[in-house]
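This is what each chain is made of:
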Amino acid sequence: MAVVSKQILLVDDNPLFLKLLARAFDKAGFNCHSANSGQEALTFLQTNVPDAILSDYEMPEMNGLEFRRSVLRNDRLKDIPFMFLTGFDDEKIRYSGLDLQAIDYVIKDTPVEVIIAKVNNLLHAVNKQRELSEMEIRQTVAALNIKAVPEKIPVINGLTIDFWHQDYQQIPGGDFIDFIEADDRYLFIVLGDIMGKKWKAWFFTFTYLSYIRAAVRFGVSDTDNSTASILQKINKVIYHDEGLRDILSSVSLIRVDRQSGQLSYAGAGDLPLLHYRHASQQLMQIDSSGLLLGLLSEGNYTEQNIALEPGDELFIFTDGLIDFAFADGKKSDYPAFAQKLQQHIANKQSFNELKHKLQQQSAQLVDDSSIIHIYKTT
Amino acid sequence: MINISKEEAGYILVDVNLTEANLSHSDQFKSELIALLNDKQRSIWLNMQQVSYVDSSFLGALVTGLKHAIALKRDVVLINLQKDIDDMLKLIRLDKVFKIFSTEEEAQQAIA
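One line per chain: the protein sequences are A and B, in this order.
Reading the first sequence from the start, the letters are residues 1 to 378 in my numbering.
Reading the second sequence from the start, the letters are residues 1001 to 1112 in my numbering.
One or more of the hints may lead you astray.
Stated by the list, open to error - The calculated DSBU-like cross-link candidates involving lysine-lysine, where the alpha carbons are at most 35 Å apart (straight line), are: (1) A/Lys-152 <-> A/Lys-355; (2) A/Lys-233 <-> B/Lys-1090; (3) A/Lys-340 <-> B/Lys-1006; (4) A/Lys-78 <-> A/Lys-233; (5) B/Lys-1030 <-> A/Lys-152.
Bear in mind the hints are in silico, worked out from the structure with no lab data behind them.
Please model the complete structure; the sequences and the hints are all you need to start from.
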């Protein structure tokens, strides 16, 4: 059985053969794209990354080997599984193809069902290998006991705090959450999102978290614990850190004063928070002024107080929750998420129910997604 | 992925030929943008008309390109943004660092 919705690029200068092959692959459940030449295929590859490429060897102008070399020169494309199709069984061609890391080689006379089965086997083997590699990294990460989200939720009189977090495609990514108990009086709540996805973004979450933890603790010990000045300190360090030059992150930073119950907030390139006012039953947007960490040496961070009344709720979240996938593409829609949230609260549904709903929809997520909920009880 | 559509004395107009700009394009886009800035030593005006979605990886590549341009005392200007992307950039204050215009003419009037 075909791997449903896998995209394959077929390259052949014979339009009739290409049509026959495309029809058979379509029928087998593939999403097929056909190209009549290596050049046409390269144009398609400028904006697409198919799951596999099946290319003719004998083609005018750019032959299959030249096309393969062009693909190999491109870091974004070089790992796409590649198979050669040829009109005859020529060992020399076969060796040249395999030298260019083509995974397999098929003679055109091969029944089309066999060609499809070969491609399916190839995709299956590649997926299996990928799963094994990811499992290995996951096991290493688990053994090192490093996490980008906390295991314990802080307990504070008058407030209930909770969160939900989901990695994109189950691979740790750029979102991070922390609850920093700076001293007996102040708790800092951190939600960050490194720009990017998967392992590369995940790797940098720890550098960012280390800087944030250090800046919070220095801030509290210096008695300059305003969220804005903490963000500015972190920004300065990150801006000048050569190792983080291309790595930017958004951060929402909230300080909770256990004595007064007051919340102070500053944001760095983060999405506006949403504050549900119980008295008016309205969801209000809280904008901040600060830029992404690491973008400019002065990030324009300002602190504001958030006054929560009993029954009020505060939502802090990352962009994965406002990205939606539709049949004709993806879209970022903050108002749509706010509207859904308003509806959820209007239906008297709790944050636990929201978590449950998000979990059920997590397969449709298009990015890492995190949301922190703060509920004022008394 | 990006094509020069016009070379002017003060800027290069570049079409971004992507509908969904995401993780799979971000590294290449970043390299191409930085190479263009280095080669041409001029500001790059990106025509984003075709792009209907950008994920955070691609946004990161855009911002890295802008940082590189600032270091060269140049600019990355965004033109023809679709509404959803324009709204998104405003939400996260990137409209404070990118110069954003509806059309090339509007950008010329403001910058040239």
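Restraint check for A/Lys-233 with B/Lys-1090, where alpha carbons must lie at most 35 Å apart: holds, 24 Å
Need the status of pair A/Lys-78, A/Lys-233: alpha-carbon distance at most 35 Å? Distance of about 41 Å is beyond 35 Å: violated.
Within 35 Å, alpha carbon to alpha carbon, are B/Lys-1030 and A/Lys-152? violated, 38 Å
Hint consistency between A/Lys-152 and A/Lys-355 [alpha-carbon to alpha-carbon, up to 35 Å]: Cα-Cα ~17 Å, so holds.
Hinted pair, alpha-carbon criterion (35 Å max): A/Lys-340, B/Lys-1006. Please report holds or violated. With Cα atoms ~44 Å apart, A/Lys-340 and B/Lys-1006 exceed 35 Å; violated.
In the structure shown, a violation is registered for the earlier hints numbered 3, 4 and 5, in ascending order.
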